[in-house]
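Colleague: As a plain string of letters, each chain reads:
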Amino acid sequence: MNRRDRFSTSFAQADRLLLWIYFILTLVGWLNIYSAVYDESHHSIFDMQVNYGRQLVWILTSYLLVAMVMISDSRFYSTFAYIIYFLVLILLVAVIFIGKEVSGSKSWIQYGAFQIQPAEFAKLSTSLGLAAWLGNIKRRFEDFSTQLVAYLMIFIPAVLILAQKETGSALVFASFILVLYREGMSGLILIIGLVSAVLFVLALLVNKYVLISLIALLLSVGWFYLKRHRKKISIWLVLAAFVVSSVFVFSVDYVFDRVLQPHQKTRINVLLGKEVDLKGAGYNVHQSMIAIGSGGFWGKGYMKGTQTKYNYVPEQSTDFIFCTIGEEWGFVGSLAIIGLYVVLIYRLMQLAERQRTPFSRIYGYCVAVIFFFHMAINIGMTIGLLPVIGIPLPFLSYGGSSMWAFTLLLFIFIKLDAHRHEYV
Amino acid sequence: MPVTQLSQQRKFAQRRYVLSGIVVVVAAIYLLKIFFMQVVSDKYKILSDSNVRRVVTIYPARGLILDRKGRKLVANEEAYDLMVIPRQVQNLDTAELCRLLDIDRKTFEARMKKAKDFSRYKASPFVEQIDKETYGFLQEKMYKFQGFYVQNRTLRKYPFPVAAHTLGYVGEVNPGEIAADPYYKMGDYIGKSGLEKFYETQLRGVKGEKIVLVDVFNREKGSFENGKYDKPQKPGLDLETSIDLDLQLLGEKLMQNKRGSIVALEPATGEILAIVSSPAYDPNLLVGRVRGANFNKLSRDPLKPLFNRAIQATYSPGSTFKLINALVGLQTSAITRDSRFSCQGKGSVPIACSHSHYSPLELIGAIEQSCNPYFWGVFRTTLQKTSEGDIHKGYNIWRNHVMSLGFGQAFESDIPNQAKGNIPSSNYYDRYFGPKGWNSLTIRSLSIGQGEILVTPLQLANQAAVIANRGYYFPPHVVRKINGVPTKWPRKQSSIDPRHFETIIEGMYEVFQGASGTARWYRLENIEACGKTGTVQNPHGKDHSLFIAFAPAQKPTIAIAVVVENAGFGATWAVPIASLMMEQYLTGEVKRTELLEKMSNANLL
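Keeping their order, the protein sequence lines are chains A and X. Every letter in the first sequence is one number past the one before it in this note's numbering, and letter 50, counting from 1, is 50. Every letter in the second sequence is one number past the one before it in this note's numbering, and letter 100, counting from 1, is 524.
A hint or two may mislead.
Every beta carbon over 10 Å from chain X, so not counted as near; a handful from chain A, in silico [to be verified]:
(1) Trp58
(2) Ile116
(3) Gly187
(4) Leu211
(5) Gly222
(6) Trp236
(7) Phe248
(8) Ala418
Far from chain A by the CB rule (all over 10 Å, computed), these chain X residues [as the list claims (entries may be wrong)]:
(9) Ala437
(10) Ala451
(11) Arg764
(12) Arg804
(13) Ala843
(14) Pro922
(15) Val1014
Mimicking DSSO-like on lysine-lysine, the simulated pairs with C-alpha atoms at most 27 Å apart in a straight line are [to be verified]:
(16) X/Lys652 with A/Lys265
(17) X/Lys435 with A/Lys232
(18) A/Lys100 with X/Lys652
(19) X/Lys457 with A/Lys138
(20) A/Lys265 with X/Lys457
Quick caveat, the hints were computed from the structure, so don't treat them as lab data. Here a beta-carbon is modelled for each residue, glycine too, at the ideal position from N, C-alpha and C.
Turn these sequences into a full structure, and let the hints guide you.
Modeller: Below, the structure is given as structure tokens:
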């Protein structure tokens, strides 16, 4: 096939639903950024001095990227997956040395007027790498070595990103656990993960001895219950669970005090209601909740949000873009946006399942869970359900690197899906 | 693919339901929470309504302008501007607001439209400079006027209505000034002339910004984010001028109902002690809301009170310039103090003498007597000696010497808009007469300070200072300290040797102290002064009366120039005024009250 044919076949075969969602989200994103930063002193929508002017450029260049992905050979991605993975890894290391510091995190590489954030592309490269590793038919997931390498592939870029103080982006790498679960990882790990999260929060809130007694009580009740139903369960396992959870509970303070940074501690404390700090760390969230909460059912109307208009909510065109939606479009708008994301994620999983190669399937799941985590963490933060973690809302938040990275992430899958019949 | 692995795959494929379940559950929880926030609870709506942020500009007090003894020449006064943010205006009782502000409905609407045209989201001034009583009433009712608030400002106030031209005035920035410096926003004030203009950046300080939260009742609820985004203001710097208020007051009094000016300097430093331009105006007229109307009125006044004669009016220097010709003659060795030139009184050719005296005079006598033919002789001899056959060469040498004494140029100091005066170049005469068409005879008027030469009163005062200093000067300036830090000015050395100054000072000494000196009637008690009169013919009526002087003769602390337009002979008006000024400055009082009354009451308009 020549390039032109590849391009037209790709578009003909591309999933219509995903294309529409992508188009709608970028458009809605731009309209909201325009509303959030609109100031009558600027007139041109192409004004590169303001966010919406630049975002328009990011969106248009993203459409160019879409065309490039569509022209490309669909086999390129599986073939070069490892190379891409290592190249980005090198960039992640490089950024620690040559990176430019922007508001506390050293995660930008600048070349002339052009600057990118390798962390945004690491999600893409890790997805490709992981898909190539686990998608190899000769490999069995049950093998310890397979799993170890998979974990390392996730862990190494995550740590490098954490070193750049991009906590949010690093956290997104946890989403790959869900992909591993789909590919056969024990469900117990998910449950243990969930239990630890709950224990962590409880340990911060409740007296530790009370908490341990509660754990002991729960475990013994469970043990007796299981015994009654004649299920075989070792007493040692129960005891081990108790010891491990006790150690965990007592180490929470250490982790909290030593590992987390002061601003992260405050954010968590504010979220848990242990600190009321409406003028400091709690300010953003408080203002963000006021913005969303005051939107009502129908919203205040486009460009009529007072919270956003008067700049109450900091970073309202980037991490807090959902505020503008909540305030100006109300519950209807919030429902529509969350609905769009759910459909996007669900559709990605659905399409992933119909892939003929494990590579495409795993990659599809990676894309789905990355979008899911971004959506969940970002919106959860703006409505006060999660601590403040700065990560963008895919296709909506202002920012060139994230716009390009999300576009590539999505369209590589759309491309793979369009050509799924060409694989054996 | 082995069968077991396929079934395994199928089994794991079921896990997609777990994963999509997680997605749906999270989305559902979020939507519930959002639904609760947006639809069920109205807590956030109330918070949002009460969440009105307002950026209040904090205008720093403009720096004060003080006299040399620390007395305030320019002070500040509180003023209040009513500001409006059109987007926040709600349920406005227009009638009541109009009544309080004493404006009609039409004005109200016009101003509202202007504010909206500027910006719906940003504050713009609605009514400026509200007086204190109105402000009091308004303050009580502010809760009724959402979207309005009162901004504190300071206005200029002049405790003494003197030195208006030099101090300058402050006005609202115009679009050109905003474009030139982004520091300024609509409604800001800027120095428009004089010291206010020259020292604008020092006087204005730095504007601050305070962000306050305002509730539904238009009450301030405190600072926004603990003042994290507030910008502190920096007050303007105070200027200490060299003006002596007592001397300035006396000068303005003496010059009332006359056209002309007085400039008094401290020779050793170039500091201006008094600078009077008459007719003057009360600087308080150009403050606040009345400024525009008053400015128009003043600019239409036929007496031109806005015209700063002390630095902008140019005159022929007349006989005072004979001193300069004598200095150049001495410096070029064309004459000595003993040179004599004959005078045939009124019958002298080509320049007549205004009065008869003993002849021939030597230099000192000629200065004392102000003999015209003598100085024509000096001028002719000088050009003859220096020209060596080429009048251009000789004339240029003469001109360079004259310019080194501060003529023909504006001083590089803190006085904006000085006139340069005129010491014509040889090119000028070439154009006028042709390169070979002129010689010393053609330009003989220069010998007695008539003809094309033009000088300002400031330059005349500087001439007195250069002579008092025996050869050097500092550019005459008004400000000597900025917030206690002395200003620095470059010392200018003239091209004339100090010893030649001693010679002409002897002559100037005789003007006051000599038996036939032109200023002998106005000698100072116990203080020896030196001076030189000038009577300048002009085509617009009576002669201008000029006088330059300095005192005490040996260690001069004041140099002065007085110009009284259309007043007649120099000795009649300019001399007594200068004499009274020197008395005031050197003794701290005026004992010759009769003379003072006579001078200040005279009306020469």
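Colleague: If a hint holds in the structure, say so; if it doesn't, say that too.
Modeller: Structure-based check of each hint:
no.: 1; hint: Trp58; in the structure: 26 Å, holds
no.: 2; hint: Ile116; in the structure: 30 Å, holds
no.: 3; hint: Gly187; in the structure: 8 Å, violated
no.: 4; hint: Leu211; in the structure: 24 Å, holds
no.: 5; hint: Gly222; in the structure: 22 Å, holds
no.: 6; hint: Trp236; in the structure: 29 Å, holds
no.: 7; hint: Phe248; in the structure: 23 Å, holds
no.: 8; hint: Ala418; in the structure: 21 Å, holds
no.: 9; hint: Ala437; in the structure: 6 Å, violated
no.: 10; hint: Ala451; in the structure: 5 Å, violated
no.: 11; hint: Arg764; in the structure: 78 Å, holds
no.: 12; hint: Arg804; in the structure: 70 Å, holds
no.: 13; hint: Ala843; in the structure: 42 Å, holds
no.: 14; hint: Pro922; in the structure: 63 Å, holds
no.: 15; hint: Val1014; in the structure: 60 Å, holds
no.: 16; hint: X/Lys652 with A/Lys265; in the structure: 21 Å, holds
no.: 17; hint: X/Lys435 with A/Lys232; in the structure: 25 Å, holds
no.: 18; hint: A/Lys100 with X/Lys652; in the structure: 26 Å, holds
no.: 19; hint: X/Lys457 with A/Lys138; in the structure: 46 Å, violated
no.: 20; hint: A/Lys265 with X/Lys457; in the structure: 24 Å, holds
Hints 3, 9, 10, 19 from the earlier list are contradicted by this structure; the remaining hints agree with it.
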